[in-house]
Amino acid sequence: MPAVATVRKTEPLDELTLRRAQRGEERAWRALIERYQGPVHALVWRLLAGRARHRVEDLVQETFVRVLRALPEWNPAGSASLQTWMLTIAARVALNELRRPEMAGIVDEPAAPRGERADASAERQRLGAAICAAVAALPDAQRAVFVLREYHELEYDDIASALELDLNTVKSRLSRARSAMRAHLEAALPGLRDELGKGRT
Amino acid sequence: MTDDESPIGIDLEAWAPPAPPRGIADGVIARMQESVRAAELQAMPRSHRRWWIAGGVAAAAVASVVVLGVWGVQRAPANGSGTVVAERPRHLELGPTSAELDANAEVRWRRDGHRLAIEQVRGAATWRIDDADTVVIDAGAMGASVEATGASLRVEVSMKQPEVRSDEGVEERARSARMIGASALTAAAVALVTVVVYEGRVKVTNGGQTIALAPGTSYEVRPAYAPREQLTVGAAPAQVSDLEERVRILEAQLAEQRARTVDPAPDVVDKTVSPDKPAGTDKLEGKKQVDPFARSRGDAVDSPDRSEDDVVDPFGSRTGSRVDPFSSPRTQKVTCDAETLGVQGRDLYSAGSYAEALVKYEQAIRCKPSRRLELHAFMAACNAKNVRKAGAYYAKLSPDTQQIVLSVCVRNNISARQLSAASRGATGRLSVASTPVARVAVDGVDVGKSPVALDLAPGKHKVTFTINGDRHTFSVTVEAGKTVTLRKQL
Numbered sequence: 393m394p395a396v397a398t399v400r401k402t403e404p405l406d407e408l409t410l411r412r413a414q415r416g417e418e419r420a421w422r423a424l425i426e427r428y429q430g431p432v433h434a435l436v437w438r439l440l441a442g443r444a445r446h447r448v449e450d451l452v453q454e455t456f457v458r459v460l461r462a463l464p465e466w467n468p469a470g471s472a473s474l475q476t477w478m479l480t481i482a483a484r485v486a487l488n489e490l491r492r493p494e495m496a497g498i499v500d501e502p503a504a505p506r507g508e509r510a511d512a513s514a515e516r517q518r519l520g521a522a523i524c525a526a527v528a529a530l531p532d533a534q535r536a537v538f539v540l541r542e543y544h545e546l547e548y549d550d551i552a553s554a555l556e557l558d559l560n561t562v563k564s565r566l567s568r569a570r571s572a573m574r575a576h577l578e579a580a581l582p583g584l585r586d587e588l589g590k591g592r593t
Numbered sequence: 005m006t007d008d009e010s011p012i013g014i015d016l017e018a019w020a021p022p023a024p025p026r027g028i029a030d031g032v033i034a035r036m037q038e039s040v041r042a043a044e045l046q047a048m049p050r051s052h053r054r055w056w057i058a059g060g061v062a063a064a065a066v067a068s069v070v071v072l073g074v075w076g077v078q079r080a081p082a083n084g085s086g087t088v089v090a091e092r093p094r095h096l097e098l099g100p101t102s103a104e105l106d107a108n109a110e111v112r113w114r115r116d117g118h119r120l121a122i123e124q125v126r127g128a129a130t131w132r133i134d135d136a137d138t139v140v141i142d143a144g145a146m147g148a149s150v151e152a153t154g155a156s157l158r159v160e161v162s163m164k165q166p167e168v169r170s171d172e173g174v175e176e177r178a179r180s181a182r183m184i185g186a187s188a189l190t191a192a193a194v195a196l197v198t199v200v201v202y203e204g205r206v207k208v209t210n211g212g213q214t215i216a217l218a219p220g221t222s223y224e225v226r227p228a229y230a231p232r233e234q235l236t237v238g239a240a241p242a243q244v245s246d247l248e249e250r251v252r253i254l255e256a257q258l259a260e261q262r263a264r265t266v267d268p269a270p271d272v273v274d275k276t277v278s279p280d281k282p283a284g285t286d287k288l289e290g291k292k293q294v295d296p297f298a299r300s301r302g303d304a305v306d307s308p309d310r311s312e313d314d315v316v317d318p319f320g321s322r323t324g325s326r327v328d329p330f331s332s333p334r335t336q337k338v339t340c341d342a343e344t345l346g347v348q349g350r351d352l353y354s355a356g357s358y359a360e361a362l363v364k365y366e367q368a369i370r371c372k373p374s375r376r377l378e379l380h381a382f383m384a385a386c387n388a389k390n391v392r393k394a395g396a397y398y399a400k401l402s403p404d405t406q407q408i409v410l411s412v413c414v415r416n417n418i419s420a421r422q423l424s425a426a427s428r429g430a431t432g433r434l435s436v437a438s439t440p441v442a443r444v445a446v447d448g449v450d451v452g453k454s455p456v457a458l459d460l461a462p463g464k465h466k467v468t469f470t471i472n473g474d475r476h477t478f479s480v481t482v483e484a485g486k487t488v489t490l491r492k493q494l
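Protein chains in written order, with my numbering: chain A, 393 to 593; chain B, 5 to 494.
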């Protein structure tokens, strides 16, 4: 079993299109959104794991609206890549949503594995459902750090910047999140204990 | 705690998100536009208040109705339709695409997603078409359409009533009508459409033919009268040749008919006319010399090759002499043979020697001017790409004839605007565009927002863009009869 999630990096937008988007050309906006909607959508979807998935599309749109409004001021020569900057905004949008009082107590029904087949596909579905449940069980602060690091490969500095935390807090939250994930997955998937043990060696 | 702690050791990709839903980009762009509209909406009440103060209670009541109507049109939902009649210059916003309407412009629009169908019934408008929109402008219901995406252009529609002379015989009308279908003599008003492209690429379709216009170019669409025999821009050579021949025949017949009607039996015409006497007064004083078109044509443009030494001055404005171009040949005391010169010109024209043909036609005109020869000279000048002479002869053609034969010059990349400028001989066209939009001043005079186009005296001019208080000044040289484009990224 692979050790970590395989993150597919999105090809960066060409400079000309980026400049046009910064100038407010709609065609360039469209190109930018279509290029980065995959990772942004994935991040928001994961951060809202088990919590109001119906809000994902709206929040993705909200992310891009903020991106486009701030884009003229964004400096391509800055330290963060465009994708990292967008994911930062997406993470803040999603966390703000999770902090809304009316979001408390909203829990989506976990997706049940289809059928009872014991083949590889069914096994993978069970694993996916277990990960989903484990992520959903993380506190919001830990979940954001975990998802940004494990799924989107943001550097600790970028996570710290995105979530307005200091570096050590990022590291400690990530450590706690990983521990909680292991515990949750071991409990949910008894046969997984041996696999996890191998993965740690 | 170490930051190189190993991950949790399972395939996290087993928890994979679904693909993003379709339409995210559409939704985001709609929200962006919505926020712009909301910002504009907040600014509306201030202008309302100004109307109240300026116009008083009664005027304000009327103005409110108008403004509310306009508001409804401007801020229609993404899909919708409407009609706008601009009683004064005004801004029209149709989603991401907008227009600056001149006074008296009338526009009907229908939006279906990113496709915007415009019927520009009359008047002039400068369009700024968004990259995401495809705008099709049907101008003046004349069968031609303008299609543009991501462009700035100006469309001018003027309705033209073809000249109908009351002294034309019924038989002549019928014969003319048979020759060119519905005929200029009986046609209702037709739309003359001018398209000026500032930015982007624009396609003009007329009669099944489509041409692409590049930035800085202008184009005049003048439909033919017969619905099934429209003179198309960029028509096949055979079509043009056929139409040219028809025009030649018709012009000759018209000239003959007019000459008979005005002066049915001239015996002898004295070609020498006093410079002090205005054209058309000789007959009242007992002389035979009459120019039946002296007033109706308003000919006042000098011949391109006029010389003080010429025996006959075809246009006579400098010497004051005026010759009846349609009087019977037997009444002319001439030593040259206009007919032979005309035939030589025609042969050279047919052989493609347009410049030489123009020389022959001009010699024939000096010998014995006629509208037919002027028409031939115009066509030769167009094909020879001689803008100055084409403009001079174009000004001498009747408006109806101008409409029909303009395409000869257009096919040679000479626009109606160039012809007009050349006939005036005093101005050039300056087209100014900028990104983003800015206030434009030429030689210190505010001429509006970019893009803007205007006729200027030849020579150097200073163009100043003002945006957010910053001024950017550029120098540009305008040449008579030409269009120069200044496009800047500010």
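Note that these hints are calculated values from the structure, not bench results.
If you're wondering where the values come from, they're calculated on a predicted model, not measured in any experiment.
Built from N, CA and C at the ideal position, the CB exists for glycine as well.
Honestly, I wouldn't trust all of these hints.
[Stated by the list, open to error] In silico contact screen, one side only, chain A against chain B (beta carbon under 10 Å); selected entries: (1) Ala423; (2) Val432; (3) Arg518; (4) Ala522; (5) Tyr543; (6) Leu577.
Status of each hint after checking the structure:
Hint on A:Ala423 holds. Least Cβ distance to chain B is approximately 9 Å, under the 10 Å limit. For the restraint placing A:Val432 at the interface with chain B, the shortest Cβ-Cβ distance is roughly 8 Å, inside the 10 Å limit, so the hint holds. For A:Arg518, the interface hint holds, since its Cβ comes within 10 Å of a Cβ in chain B; the closest pair sits about 9 Å apart. For the restraint placing A:Ala522 at the interface with chain B, the shortest Cβ-Cβ distance is roughly 8 Å, inside the 10 Å limit, so the hint holds.
A least Cβ separation of about 7 Å between A:Tyr543 and chain B falls short of the 10 Å threshold, and the interface hint therefore holds. Evaluation of the A:Leu577 hint against chain B yields a held restraint, the C-beta minimum of about 7 Å falling below 10 Å.
Comparing the model with each numbered hint stated earlier shows that all of them hold.
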